[in-house]
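In case you want the letters, here they are:
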Amino acid sequence: MSDWPWVIASYALTWIVLGVYALQIHRRLARARAEYETEKNRSTESLEVEA
Amino acid sequence: MTPSNDAGRLAGGVVVALFVAAQLFGVATSPAEAGMGHLQKIMYVHVPAAWAAFLAFGIVFIMSILYLVRRRESHDLLAASAAQVGVVLTGLTLALGSIWGRPTWGVWWTWDPRLTSTAVLFVIFVGYLALRSFVDEPQQRARWSAAVGILGFLNVPIVYMSVRWWRTLHQPSSSPATVDDPYVWGLRINAVVFIIVMAYLIRRLYQASILQRKVEALEEERALATEGSHV
Chain G
52 MSDWPWVIAS
62 YALTWIVLGV
72 YALQIHRRLA
82 RARAEYETEK
92 NRSTESLEVE
102 A
Chain V
5 MTPSNDAGRL
15 AGGVVVALFV
25 AAQLFGVATS
35 PAEAGMGHLQ
45 KIMYVHVPAA
55 WAAFLAFGIV
65 FIMSILYLVR
75 RRESHDLLAA
85 SAAQVGVVLT
95 GLTLALGSIW
105 GRPTWGVWWT
115 WDPRLTSTAV
125 LFVIFVGYLA
135 LRSFVDEPQQ
145 RARWSAAVGI
155 LGFLNVPIVY
165 MSVRWWRTLH
175 QPSSSPATVD
185 DPYVWGLRIN
195 AVVFIIVMAY
205 LIRRLYQASI
215 LQRKVEALEE
225 ERALATEGSH
235 V
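Chains G and V supply the protein sequences, listed in that same order. First residue of the first sequence? That's 52 in the working numbering, and the numbers climb one at a time after it. First residue of the second sequence? That's 5 in the working numbering, and the numbers climb one at a time after it.
No lab work stands behind these hints, which were simulated from the structure alone. Be a bit skeptical, because a hint or two may be false.
Heads up, simulated SDA-like pairs for lysine to any residue below, C-alpha to C-alpha not over 20 Å straight-line [stated by the list, open to error]:
1. Lys218/V - Glu90/G
2. Lys218/V - Glu96/G
3. Lys218/V - Asn92/G
Restraint ranges, calculated between C-beta atoms of paired labels, are given here [as the list claims (entries may be wrong)]:
4. Glu231/V - Trp66/G: 29 to 37 Å
5. Trp113/V - Val71/G: 21 to 29 Å
6. Asn92/G - Met40/V: 57 to 65 Å
7. Val73/V - Ser94/G: 26 to 34 Å
8. Gly70/G - Asp140/V: 30 to 38 Å
9. Glu225/V - Ala81/G: 17 to 25 Å
We put the CB at the ideal spot given by N, CA and C, even for glycine.
Sequences are here, hints too, so could you generate the full structure?
This is the structure we're talking about:
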């Protein structure tokens, strides 16, 4: 059997694993940023109401 | 779009470009190896993934010690981010080794000391991540994680030395000092790029963890303020 299918499978797996993982981290960071902005605005609003 | 978003996207684009370039360089410049033929090209992903994982666990080790000494939450969060990236890279290393092992040794898996010690390393740090999800109290979680992180890292030198201590099926460690000339630069470049990928992923994960902590702190602050206004 040729070596190439094994080589291609290795590189494909590397790209799939790291690509999916990087995307997951990217989404987590985007969600964290959005939540932080929302929470910051809420806190500012509640402080303004109290004042 | 904020400037930090833009910088993150730009850094991500640069990392992907480096990753593609390094792999193309490795594959294009290495001739078929005398014993293994083109299977040798798997070395450019398998070995750098292992090195990057070891380095990630090295970060866990250093940050865990720093946490126990200084008790700063940032050290704990950085250790946790590095552990997660290390687990993904170790899992990838094991899977790539399995793909390389099948045509070379005729088996997907064997209980060779290098493979077994790497699997143990993987399980220890999966346990580290599981522990973090089970313990709710942040300081207790950080203390226990630091202990597991330090003890877990002690397996890294065992994995590294396993091919010297127990000469079995796995070949001796590949490094620029041990591979033939045509493969040296491919290995060096891919190793550097994998380490850049590891650092990029840890940084992004750490940023997300810091923001999540800030959100929790703001929520607590608001809850306390609301309680105070009702009293």
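Against the structure, the hints:
Proposed proximity of Lys218/V and Glu90/G is supported: the alpha carbons are some 9 Å apart, at most 20 Å. Distance check on the hinted pair: Lys218/V and Glu96/G sit about 17 Å apart at the alpha-carbon level, within 20 Å; holds. For the given pair, Lys218/V sits about 13 Å from Asn92/G by alpha-carbon distance, which is consistent with the 20 Å threshold. Under the hint 29 to 37 Å, the C-beta atoms of Glu231/V and Trp66/G, about 50 Å apart, miss the expected range.
One distance hint, 21 to 29 Å for the beta-carbon pair Trp113/V and Val71/G, holds here, with the actual separation near 23 Å. Against the hinted window of 57 to 65 Å, the Cβ-Cβ separation of Asn92/G and Met40/V comes to about 59 Å, which satisfies the hint. For Val73/V and Ser94/G, the Cβ-Cβ distance of about 33 Å falls inside the hinted range of 26 to 34 Å, so the restraint holds. A beta carbon spacing of about 32 Å between Gly70/G and Asp140/V agrees with the range 30 to 38 Å that was offered as a hint.
In this structure the hint that Glu225/V and Ala81/G lie 17 to 25 Å apart at CB holds, the actual value being about 24 Å.
Of the numbered hints stated above, the single one contradicted by the structure is hint 4.
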